[in-house]
Amino acid sequence: MWWIVAAVVLGGTAISMQAPINAALARELGGPVPAAAVSFGVGFIVLLAVALLQGQGEAFLKLPHVPTWTLVGGCLGAWYVLCSVWGVSQLGVVTLVAALILGQMTAAMVIDATGAFGVTIREITPTRIAAAGLVLAGLILSRV
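Each residue of the sequence shown is one higher than the one before, counting from 32 in the numbering used here.
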């Protein structure tokens with residue numbers, strides 16, 4: 032399991048790099064929305080190529096039959112990237128990431144507790160609340 036955590040931590044480094052890179056793109060293009068659109072477009076092309084190289088192209092034929100609500104993830108991802116592009120220039124990378132993580136942890140606790148979207152129910156424990164509190168403290172300290 033720890034190798035999965037390590038891989039996800041490495042993925043987190045990509046998020047810290049993505050925001051300032053996309054902000055630089057926004058400066059070049061003249062706005063955060065075009066930069067977010069280009070970022071998503073490049074990501075789409077990369078993921079499409081990986082899916083095709085892995086022989087998973089047929090998966091896209093199922094798209095017309097998936098529940099509509101499952102496509103909302105793309106909208107949420109777009110909002111996330113747009114907030115990151117806009118927020119990094121206002122807050123800096125550390126504060127931006129702390130705010131994003133606090134939002135993620137808060138929503139994650141609600142999703143876990145309710146079993147939303149089909150995830151296994153996991154209770155909100157004092158330890159989890161303390162973890163979110165520590166992230167909040169980090170967010171506050173990042174602005175000092």
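The set of hints was computed from the structure by calculation and includes no laboratory data. Think of the CB as a built atom: it goes at the ideal place given N, C-alpha and C, for glycine as much as any other residue. Hints may be right or wrong, so weigh each one.
Across the chosen pairs, the derived CB separations fall in these ranges [stated by the list, open to error]:
(1) S173 <-> R58: 34 to 42 Å
(2) A80 <-> I152: 32 to 40 Å
(3) I152 <-> M32: 16 to 24 Å
(4) P98 <-> T145: 36 to 44 Å
(5) L165 <-> G62: 30 to 38 Å
(6) V125 <-> H96: 20 to 28 Å
Each hint tested on the structure:
no.: 1; hint: S173 <-> R58: 34 to 42 Å; in the structure: violated, 23 Å
no.: 2; hint: A80 <-> I152: 32 to 40 Å; in the structure: holds, 37 Å
no.: 3; hint: I152 <-> M32: 16 to 24 Å; in the structure: holds, 20 Å
no.: 4; hint: P98 <-> T145: 36 to 44 Å; in the structure: violated, 18 Å
no.: 5; hint: L165 <-> G62: 30 to 38 Å; in the structure: holds, 35 Å
no.: 6; hint: V125 <-> H96: 20 to 28 Å; in the structure: violated, 43 Å
Comparing the model with each earlier hint shows violations of hints 1, 4 and 6; every other hint is respected.
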